[in-house]
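A.B. asks: Residues per chain are reported as follows:
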Amino acid sequence: SQTIHQWPATLVQPVGSPLSLECTVEGTSNPNLYWYRQAAGRGLQLLFYSVGIGQISSEVPQNLSASRPQDRQFILSSKKLLLSDSGFYLCAWSWVSGNTIYFGEGSWLTVV
Amino acid sequence: AQSVTQLDSQVPVFEEAPVELRCNYSSSVSVYLFWYVQYPNQGLQLLLKYLSGSTLVKGINGFEAEFNKSQTSFHLRKPSVHISDTAEYFCAVREINTNAGKSTFGDGTTLTVKP
Chain A
33 SQTIHQWPAT LVQPVGSPLS LECTVEGTSN PNLYWYRQAA GRGLQLLFYS
83 VGIGQISSEV PQNLSASRPQ DRQFILSSKK LLLSDSGFYL CAWSWVSGNT
133 IYFGEGSWLT VV
Chain B
12 AQSVTQLDSQ VPVFEEAPVE LRCNYSSSVS VYLFWYVQYP NQGLQLLLKY
62 LSGSTLVKGI NGFEAEFNKS QTSFHLRKPS VHISDTAEYF CAVREINTNA
112 GKSTFGDGTT LTVKP
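Residue numbers (this note's numbering), protein chains in the order written: chain A, 33 to 144; chain B, 12 to 126.
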């Protein structure tokens, strides 16, 4: 079966510091990978998605970037965090032609 | 473009009572529809989905939803809720033939089950 893990689960970072959230999918190959942000009391906003190694599509302009160095690894980064980057970040995957997205456990980021 | 409206931000209900969480969507083309559940500080878990066929869809944990094309709705129901059903519920819609990740999510409905 397929599993998805992301870490760290919780992160408190000062303004201006860098960020790296990592996500790994097991049990499948060449998945589509996604990063979402969930603001408090709101739905999910798609930030980035990737259909293959090195292929990243950005959905919204922002202070964040994503990379896919390996087939089942997806990384969310920032060089300098802003207060507005605080939130709950969710990694997800789907089959290449799949209909359903499967989510990781999420990472809480608090920028102070 | 597609959009989703979850009509109730909070739904309090007593244990063993029935519950309905309402979801309306808007799209100019055919869509797939999903309900996810999120327990505190966790990711989203798929409850059920409508892709095609029967408009009544059954999911995990005793939940079901009915797709109503004329009313563009996909309401989630459970005949008898438990304390453990307390969670945030998200409706999502995605136009067919688009990337799975391009689903649009509603703002969520907080279901609180009271003893």
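Any given hint might turn out to be false.
[Claimed, not checked] Below, in silico cross-link-like pairs of lysine-lysine (DSSO-like), each with a Cα-Cα straight-line distance of 30 Å or less:
hint, chain 1, residue 1, chain 2, residue 2
1, B, K113, B, K60
2, A, K112, B, K113
3, B, K69, B, K113
4, B, K80, A, K111
5, B, K125, B, K113
6, B, K80, B, K113
If you are wondering where the hints come from, they were derived from the structure by calculation, not from laboratory data.
Quick caveat, the model's predicted, so the values are computed rather than measured.
A.B. asks: Please go over all the hints and tell whether each is borne out by the structure.
C.D. replies: Hints and how they fare:
Of the pairs offered as hints, the one joining K113/B and K60/B holds, with about 15 Å between alpha carbons and a cut-off of 30 Å not exceeded. Annotation: proposed proximity of K112/A to K113/B holds, straight-line Cα distance about 27 Å (limit 30 Å). Proximity of K69/B to K113/B is assessed by CA-CA distance (about 24 Å); at most 30 Å being required, the pair is judged to hold. Under the criterion of a C-alpha separation no larger than 30 Å, the hint pairing K80/B with K111/A is inconsistent with the structure, at around 46 Å.
Distance check on the hinted pair: K125/B and K113/B sit about 35 Å apart at the alpha-carbon level, beyond 30 Å; violated. The straight-line distance between the Cα atoms of K80/B and K113/B is roughly 21 Å, inside the 30 Å bound, and the hint therefore holds.
Hints 4, 5, counting from the list given before, are not met by this structure.
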